[in-house]
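Trainee: Spelled out, the chains give:
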Amino acid sequence: MIAVEHLTKYYGDFLAVDDLSFEIDEGHVYGFLGPNGAGKSTTMNIMTGCLSATEGHVRIDGHDIFDEPEKAKRLIGYLPEIPPLYVSETPEEYLRFVGEAKGLRGSVLREQIEKVIADTRIGDVRGRRISALSKGYRQRVGIAQALLGNPKVIILDEPTIGLDPIQIIEIRDLIRDLGRSHTVIFSSHILSEVQTICDRILIIARGKLVAFDEPQNLERRLLAPSEISLKAEASAEEARKILSGVAHISEMDISGMDTDIAGMDANGKKENRVSIRVRTDCSDIYAVSRSIFFAFAKGGRPLLEMALKKANLEDVFLELTDNAAGEKDRDEDLEEEVED
Amino acid sequence: MIAVLKHELRLYFHSLTAYVFGAFLLVFVGIGAMLYNIQAAVSNFEYVLSFSCLVFVVIVPILTMRVIAEERRQKTDQLLYSLPITTTQVIVGKYLALLAVYLIPLAIICLYPLIFAQFGEVYLPTSYGSILAFFVLGAALIALGVFISSLTENQGFAAGIGVAVILFNYYSVSLAEYVSSTAFGSLVVLCVAVLILAAVINHLTRNENLAYGIGFVLIAGMAVLYFVDSTKFEGLVPDIMTKLSLFERFYAFVNGVFDMTAIVYYLTVILFFLFLSVQSLEKRRYN
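From first to last, the protein sequence lines stand for chains A and B.
Residues 1 to 340 in our numbering are what the first sequence lists, from first letter to last.
Residues 1 to 287 in our numbering are what the second sequence lists, from first letter to last.
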């Protein structure tokens with residue numbers, strides 16, 4: 001559907017997008033994730049023909065966005081980061097202009113306008129001036145504009161930025177609905193958002209694609225050890241002794257508990273309670289928690305609490321983007337050394 | 001293109017722009033008609049137009065200042081880039097909308113000679129020839145205004161520069177008398193003009209080598225020419241200033257000469273500035 005090949009963009013000397021290549025198939029919701037300034041908007045602007053690339057190609061259904069802009073642009077609906085609205089018009093007038101510019105005429109145009117107004121639920125405000133609309137409604141008018149002409153691909157640049165939580169949920173639901181009938185690509189720097197809506201996630205950092213996968217696979221890809229936190233009735237030495245017999249523990253951290261939580265036993269004798277954090281490199285974290293349970297049972301010390309902390313997408317994101325940054329720094333260091 | 005044209009017209013009539021422009025033009029022409037045709041009882045309507053063309057200094061920048069500058073400020077230019085229309089279609093659509101806004105008061109003005117003809121002898125061919133020239137003169141100034149608007153995202157700045165440029169053009173013939181007509185004086189003035197040109201090219205392309213390369217080549221060329229044959233430079237600057245004056249060519253029509261070369265000149269100016277506007281808009285995609 002969309003093929004991006006070796007895309008590179010320089011702003012003067014600043015490298016915004018660095019040899020980016022990926023392909024997008026029909027009928028999924030794609031999340032474009034990256035920290036601020038990673039090159040998300042630049043890439044989207046190039047994909048929609050709003051900006052030229054220094055090098056590389058973008059093909060929409062086989063049509064190059066620079067060589068056959070009109071054919072390619074007809075297949076895309078684009079909502080830039082700041083919705084491009086003529087604030088002195090009403091949503092209806094605005095949609096009529098965009099529809100006409102997209103080549104729609106007569107009854108087809110009227111039907112399309114009614115359809116997108118219904119899809120984005122802006123019927124209540126269709127006759128009001130855009131300057132009087134709230135940010136959430138403006139965003140929807142922007143999305144309605146992108147939907148006109150029923151393009152195959154909808155590209156939305158940070159559609160939920162600056163909205164209140166209820167509006168964010170509404171826009172997310174809308175995106176999910178759109179995903180049923182269109183290919184949707186949307187960018188965000190909020191992880192949970194991408195995680196909940198997308199079938200595929202592209203992570204870019206410093207203009208480079210660092211990951212492109214389904215959300216579950218991305219979580220699975222994280223090889224960092226997972227963590228178990230325990231609370232047990234034992235002294236620190238006892239706990240250490242018991243845990244040393246358990247396999248696959250790469251790291252442990254034992255600390256005494258606060259005195260007000262540490263309780264008394266029936267005889268009024270103060271009990272030793274410790275909280276422990278254990279890291280494991282075993283992929284099956286439940287096998288480890290099972291061994292810990294039996295080890296404590298065998299040692300005759302009661303386990304009071306056990307909680308598993310699995311790696312989440314947030315960690316993947318931080319790790320991947322940090323790595324990209326790290327590599328770059330390392331490259332720069334090397335260059336400096338060579339220069340010296 | 002039609003979509004852009006319709007949209008622009010809607011925007012002009014939603015805001016005050018079209019009305020202010022039309023009102024100014026009609027008031028000014030009305031005052032002129034009162035002074036010349038009624039008070040002084042002269043039957044030549046063309047004198048009224050000759051008097052009123054000063055109003056362009058104010059109304060053309062008012063009309064054109066927002067045409068592209070505002071799109072940039074509101075970020076709606078991104079929409080235009082992402083729609084399946086070319087930048088040429090955008091500029092031509094916008095320009096035709098401006099012409100339509102300009103033609104409405106002009107259509108009313110077209111009735112005046114006919115009205116005056118009821119009360120005396122009016123030589124209509126000169127009147128309507130002058131109205132046509134008045135139209136193309138305005139059209140050329142509007143094209144200039146569109147280009148100025150495409151250079152900035154600040155409407156006020158676009159209007160200010162527009163007023164300054166049109167005013168300079170209006171007085172350039174009178175000013176030409178005061179400019180040094182010696183060969184050396186012309187050389188100095190032209191060198192300064194080339195440096196300004198180089199600065200503008202640099203601003204547009206952000207390519208210092210290209211801009212100052214062109215500037216250097218032009219200055220070197222002129223210097224060589226000056227030492228070979230300095231008589232060519234005598235009176236050159238006043239000459240150029242007269243030739244560049246859009247208003248000067250209009251006065252020929254007022255004097256009863258229907259000058260085809262002037263019409264061609266105006267059309268060339270229109271095409272030139274529209275071409276530059278397209279380039280200026282297109283350039284945003286490449287920065």
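Just so you know, not all the hints are guaranteed correct.
Claimed, not checked - Derived CB-CB ranges, DEER-like:
{"#": "1", "chain 1": "B", "residue 1": "A40", "chain 2": "A", "residue 2": "S107", "range": "44 to 50 Å"}
{"#": "2", "chain 1": "A", "residue 1": "K115", "chain 2": "B", "residue 2": "F275", "range": "24 to 30 Å"}
{"#": "3", "chain 1": "B", "residue 1": "A23", "chain 2": "A", "residue 2": "S107", "range": "56 to 62 Å"}
{"#": "4", "chain 1": "B", "residue 1": "F275", "chain 2": "A", "residue 2": "I190", "range": "29 to 35 Å"}
{"#": "5", "chain 1": "A", "residue 1": "D124", "chain 2": "B", "residue 2": "T205", "range": "54 to 60 Å"}
{"#": "6", "chain 1": "A", "residue 1": "G62", "chain 2": "B", "residue 2": "M260", "range": "49 to 55 Å"}
What the hints assert, rightly or not - Once the Cα atoms are required to be at most 27 Å apart in a straight line, the calculated BS3-like pairs of lysine-lysine come out as:
{"#": "7", "chain 1": "B", "residue 1": "K283", "chain 2": "A", "residue 2": "K115"}
{"#": "8", "chain 1": "B", "residue 1": "K243", "chain 2": "A", "residue 2": "K71"}
{"#": "9", "chain 1": "B", "residue 1": "K75", "chain 2": "A", "residue 2": "K115"}
{"#": "10", "chain 1": "A", "residue 1": "K208", "chain 2": "B", "residue 2": "K283"}
{"#": "11", "chain 1": "A", "residue 1": "K298", "chain 2": "A", "residue 2": "K309"}
{"#": "12", "chain 1": "A", "residue 1": "K231", "chain 2": "A", "residue 2": "K208"}
{"#": "13", "chain 1": "A", "residue 1": "K152", "chain 2": "B", "residue 2": "K75"}
{"#": "14", "chain 1": "A", "residue 1": "K135", "chain 2": "B", "residue 2": "K283"}
{"#": "15", "chain 1": "A", "residue 1": "K71", "chain 2": "B", "residue 2": "K232"}
{"#": "16", "chain 1": "A", "residue 1": "K309", "chain 2": "B", "residue 2": "K6"}
Claimed, not checked - Far from chain B by the CB rule (all over 10 Å, computed), these chain A residues:
{"#": "17", "residue": "V87"}
{"#": "18", "residue": "K102"}
{"#": "19", "residue": "I190"}
{"#": "20", "residue": "L304"}
Hints are computed from structural coordinates only; laboratory data are not their basis.
All residues carry an ideal CB built from backbone N, CA and C; glycine is no exception.
Trainee: All hints are to be evaluated individually against the structure, with a verdict given for each.
Mentor: Evaluation of the provided hints:
no., hint, result
1, A40/B <-> S107/A: 44 to 50 Å, "violated, 59 Å"
2, K115/A <-> F275/B: 24 to 30 Å, "violated, 39 Å"
3, A23/B <-> S107/A: 56 to 62 Å, "violated, 39 Å"
4, F275/B <-> I190/A: 29 to 35 Å, "violated, 45 Å"
5, D124/A <-> T205/B: 54 to 60 Å, "violated, 48 Å"
6, G62/A <-> M260/B: 49 to 55 Å, "holds, 50 Å"
7, K283/B <-> K115/A, "violated, 36 Å"
8, K243/B <-> K71/A, "violated, 45 Å"
9, K75/B <-> K115/A, "holds, 26 Å"
10, K208/A <-> K283/B, "holds, 26 Å"
11, K298/A <-> K309/A, "holds, 25 Å"
12, K231/A <-> K208/A, "violated, 43 Å"
13, K152/A <-> K75/B, "holds, 24 Å"
14, K135/A <-> K283/B, "violated, 31 Å"
15, K71/A <-> K232/B, "violated, 54 Å"
16, K309/A <-> K6/B, "violated, 60 Å"
17, V87, "violated, 7 Å"
18, K102, "violated, 6 Å"
19, I190, "holds, 22 Å"
20, L304, "holds, 58 Å"
Of the numbered hints given earlier, the model fails hints 1, 2, 3, 4, 5, 7, 8, 12, 14, 15, 16, 17, 18; all others are met.
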